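Number of protein chains: 2
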Amino acid sequence: MTTKFDELCQELETIWHQQIPLSAAMRMQVVSFDGVTLITRADLEPNINVHGTAFAGSLYALQALTGWGQTHLQLRRQNIAGAIVIATGKIEYKRPLSENIVVTCRFEPATDVLVELEEKGRVRFPLATQVTTETGKLACRFRGEYAVKLLV
Amino acid sequence: MTTKFDELCQELETIWHQQIPLSAAMRMQVVSFDGVTLITRADLEPNINVHGTAFAGSLYALQALTGWGQTHLQLRRQNIAGAIVIATGKIEYKRPLSENIVVTCRFEPATDVLVELEEKGRVRFPLATQVTTETGKLACRFRGEYAVKLLV
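Going down the list, the protein sequences come from chains S and E.
Using this note's numbering, the letters of the first sequence map in sequence onto residues 1 to 152.
Using this note's numbering, the letters of the second sequence map in sequence onto residues 1 to 152.
So here's chain S without its partners, still in its complex pose (with noise of 0.2 Å):
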């Protein structure tokens, strides 16, 4: 059965390949969401750096993303059409990562943020984001702040 969440996953993939071409460079694609996880993920090969591991330009770029598309499907689900940017971003990179890269970003602000948009026409948050190893450890981790403005 396709959920009201499977499609919204789709609807991202398709605004992602068809109007960011470096996503679909990256191979970029939609795991699962759940209402509060987004989880995502791109083959390494498209992804390598000089040393055969993630590119750290794209372990950015798909954190980044799946933030981005964390917050579009936060909006898509209660029908609240805002513009989405990314303001500041921060990574650390732990660990070389050798195998397809898995991004998990939760949504877990710390006030209503879809509330105060509405209200105020704009709000700014965190959201934080991670790429772990098959066997757990942490390869990776982003924080972003992304500022959204409604749209009337």
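Hints may contain errors.
Computed beta-carbon distance windows for the label pairs [as the list claims (entries may be wrong)]:
{"#": "1", "chain 1": "S", "residue 1": "K137", "chain 2": "E", "residue 2": "E134", "range": "55 to 65 Å"}
{"#": "2", "chain 1": "E", "residue 1": "P96", "chain 2": "S", "residue 2": "Q18", "range": "18 to 28 Å"}
{"#": "3", "chain 1": "E", "residue 1": "R122", "chain 2": "S", "residue 2": "K149", "range": "37 to 47 Å"}
{"#": "4", "chain 1": "S", "residue 1": "S98", "chain 2": "E", "residue 2": "A128", "range": "24 to 34 Å"}
{"#": "5", "chain 1": "E", "residue 1": "P96", "chain 2": "S", "residue 2": "S98", "range": "33 to 43 Å"}
{"#": "6", "chain 1": "S", "residue 1": "E99", "chain 2": "E", "residue 2": "K149", "range": "18 to 28 Å"}
Keeping only pairs whose Cα atoms sit at most 27 Å apart, straight-line, the calculated DSS-like set for lysine-lysine is [claimed, not checked]:
{"#": "7", "chain 1": "E", "residue 1": "K120", "chain 2": "S", "residue 2": "K94"}
{"#": "8", "chain 1": "S", "residue 1": "K149", "chain 2": "E", "residue 2": "K149"}
{"#": "9", "chain 1": "S", "residue 1": "K120", "chain 2": "E", "residue 2": "K94"}
{"#": "10", "chain 1": "S", "residue 1": "K94", "chain 2": "S", "residue 2": "K149"}
{"#": "11", "chain 1": "S", "residue 1": "K149", "chain 2": "E", "residue 2": "K94"}
{"#": "12", "chain 1": "E", "residue 1": "K90", "chain 2": "E", "residue 2": "K149"}
Keep in mind the hints are simulated off the structure, nothing from the lab.
As the structure is a computational prediction, the values presented were derived from the model and not from experiment.
Yeah, the Cβ is synthetic: ideal placement off N, Cα and C, and Gly gets one too.
Using the hints, position chain E against chain S.
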């Protein structure tokens, strides 16, 4: 006349395009290097986002790779063989960019990091890069910590 720096820049671009597929997807090029300042560029079109401006992930990847390239060139001109990785990255997006992307990175470390590398076998130092608009306004600035290990 082709200078030593021109040859090193050509070599750097070849390494990027052959060994880092995403650099080719972004159409990243070396513009110039004078021993201190490295300038790189990429067309906007393959690096566009849903807003028709430069994708945040591309802006990060181009700047992180320019810092990597700056480090590579400093090692090559001294004939030092080293493995370069980025340990952390921080980026601020100041305004949307609707034109081709030009990155500037100056090599001006506080200490002589190449001497430290040769003495200790490894060194870690920050590099800053920026993207300005054609009219000279700051679009984006990046700061990365690079770690280099001597290859012997």
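Going through the hints against the structure:
Taking 55 to 65 Å as the suggested C-beta distance range, the pair K137 (chain S) and E134 (chain E) does not conform, at roughly 44 Å. In this structure, P96 (chain E) and Q18 (chain S) meet the distance hint of 18 to 28 Å, their C-beta atoms being roughly 20 Å apart. Checked against the given bound of 37 to 47 Å, the beta carbons of R122 (chain E) and K149 (chain S), roughly 45 Å apart, stay inside it. Taken as a hint, the range 24 to 34 Å holds for the pair S98 (chain S) and A128 (chain E), whose Cβ atoms sit roughly 30 Å apart.
Between P96 (chain E) and S98 (chain S) the C-beta distance comes to about 35 Å, which sits within the given range of 33 to 43 Å. A C-beta distance of roughly 22 Å is found between E99 (chain S) and K149 (chain E), which places it inside the suggested range of 18 to 28 Å. Restraint check: the Cα-Cα separation between K120 (chain E) and K94 (chain S) comes to about 22 Å, which is no more than 27 Å; the hinted pair holds. Only pairs whose Cα atoms come within 27 Å are accepted, and K149 (chain S) paired with K149 (chain E) is rejected, the gap being roughly 45 Å.
Our distance criterion of 27 Å between C-alpha atoms is met by K120 (chain S) and K94 (chain E), whose separation comes to about 22 Å. Straight-line distance between C-alpha atoms of K94 (chain S) and K149 (chain S) comes to about 33 Å, which puts the hinted pair past the 27 Å bound. Restraint check for K149 (chain S) and K94 (chain E): the C-alpha separation of about 16 Å stays at or below 27 Å, so the hint holds. Between the alpha carbons of K90 (chain E) and K149 (chain E) the distance comes to roughly 22 Å, so the proposed pair stays at or under 27 Å and holds.
This entry does not satisfy hints 1, 8 and 10, going by the numbered hints stated previously.
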